[in-house]
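J.: Sequence:
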Amino acid sequence: MTGAIDAGPAAAGAGGTIAQGAVTRRTGPGGGDAPALAVRGLAVRYGAATALENIEFAVPAGTVTAVAGPPGSGKSALARVLLGLRKPTHGTVQAFGAAPRTPHTVNGVLVPRGLPAKRRVRDHLLAFAAAADVPDGRADEVAALAGLGDETRTRIEVLGIGEQTRLAIATALLPDPRVLILDDPVDGLDPAERGWLADLLRRHAERGGAAVVTGRSLAALLPAADALLLLAGGAAVYQGTPAKLRRGYPDRLIVDAATPIALATHLAARGYTDAVIRPDGRLAVAEATEGIIREAAAAARVRIAAVVPDPIHPDRVLAALTDRAAAAPRTPGGISGVLSPFAAHAAVGAGRVEPPAPYGVSR
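The sequence shown runs 1 to 363 under my numbering.
Check before you lean on any hint, since a few could be wrong.
Restricting the straight-line Cα-Cα distance to at most 20 Å, the calculated cross-link-like pairs of lysine to aspartate or glutamate (EDC-like) are [what the hints assert, rightly or not]:
(1) K244 - E287
(2) K87 - E56
(3) K244 - D274
(4) K244 - E56
(5) K118 - E157
(6) K87 - D136
(7) K244 - D150
Cβ pair distances, simulated, as ranges [stated by the list, open to error]:
(8) T289 - R153: 55 to 63 Å
(9) D323 - D251: 17 to 25 Å
(10) A268 - D190: 44 to 52 Å
(11) K118 - G41: 20 to 28 Å
(12) R278 - R153: 17 to 25 Å
(13) A49 - I292: 50 to 58 Å
(14) T289 - R120: 53 to 61 Å
(15) P70 - R207: 48 to 56 Å
These are calculated hints, taken from the structure and not from any lab test.
All values derive from a computational prediction rather than experimental measurement.
Cβ coordinates follow ideal geometry from the N, Cα and C atoms, glycine included.
From just these sequences and the hints, can you work out the full model?
T.: Right under this line is the structure:
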């Protein structure tokens, strides 16, 4: 990477843990009580193929919503609709209570990036600054923000993939949009660049802006996310906060016990009821510490050979949800068992999903 950037504080969380803390939400710049972005009853079809079905969510000002799913789940189709580049088959999109009309309200980045290979970085930014009717100095500001201040005379074709993505984001930032839509921005970014992106999104939200960011990796999106929308086959399989998702898929301790049933019984008597015997005969225990497990084992006179941590990776959670959705029957409203009523913008993504079966992620 030629144009170097520093990894900000958010990079520390990029390794893949689902945050458990609450998020403080901020009021956006104007717009009354309307959310920064509101999507109702959205459907996109290409002939007989359905790209999106019955998608409903709201993004309050001061928050970031992460949209994750496997290839073909509808993420890019959603980004195009949010940017006004694709008319939905059904449904509506509003920004601050009205249809998005200018890049000063909603702007973003799509895949492919659409960067002219032979143009130099600053010339590219100046051309788009003129189109957005912003001063030339804004081009230098966003170049510096993207860590490309030393690359302004470099031809775009010479830039690395991560640098090109940062240039595309810098281009989208020229009109200082209130709502930022980034389609798969983490693809090709190194850890430092991912930290930069998470910090950029958090700073944008702290100023009262809002953002929707898509990607195939849930772990890569979590550092900046206040709310999640997980897609499979064009339908929502989860809507809610990272903390809520985390509670459904906790980390576990894997216990090699002589008599796991007896240990599970004693743990349940102490209030630790989420313990499941794995196919290999070991006991998978959630919420209890190793000390509590060993105390229960001693009381039950159960010999323990080993206790091994088994932290669950967010992308395993995503795979479990999307794989389950792929096997579920489809209904006119989407995937059977998944509800996604329109959520008031004060409770982002409050759609419900059936509680996951205990230990629902295959190990």
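J.: All the hints need checking, so say for each whether the structure fits it.
T.: Evaluation of the provided hints:
1. K244 - E287: holds (15 Å)
2. K87 - E56: holds (16 Å)
3. K244 - D274: holds (17 Å)
4. K244 - E56: holds (18 Å)
5. K118 - E157: holds (6 Å)
6. K87 - D136: Violated, at about 32 Å.
7. K244 - D150: Distance of about 43 Å is beyond 20 Å: violated.
8. T289 - R153: 55 to 63 Å: Roughly 57 Å apart at Cβ, these two residues keep to the hinted range, so it holds.
9. D323 - D251: 17 to 25 Å: holds (20 Å)
10. A268 - D190: 44 to 52 Å: holds (46 Å)
11. K118 - G41: 20 to 28 Å: This hint is violated: roughly 43 Å between Cβ atoms.
12. R278 - R153: 17 to 25 Å: violated (59 Å)
13. A49 - I292: 50 to 58 Å: holds (51 Å)
14. T289 - R120: 53 to 61 Å: holds (58 Å)
15. P70 - R207: 48 to 56 Å: The hinted range 48 to 56 Å is violated for P70 and R207, with Cβ atoms some 32 Å apart.
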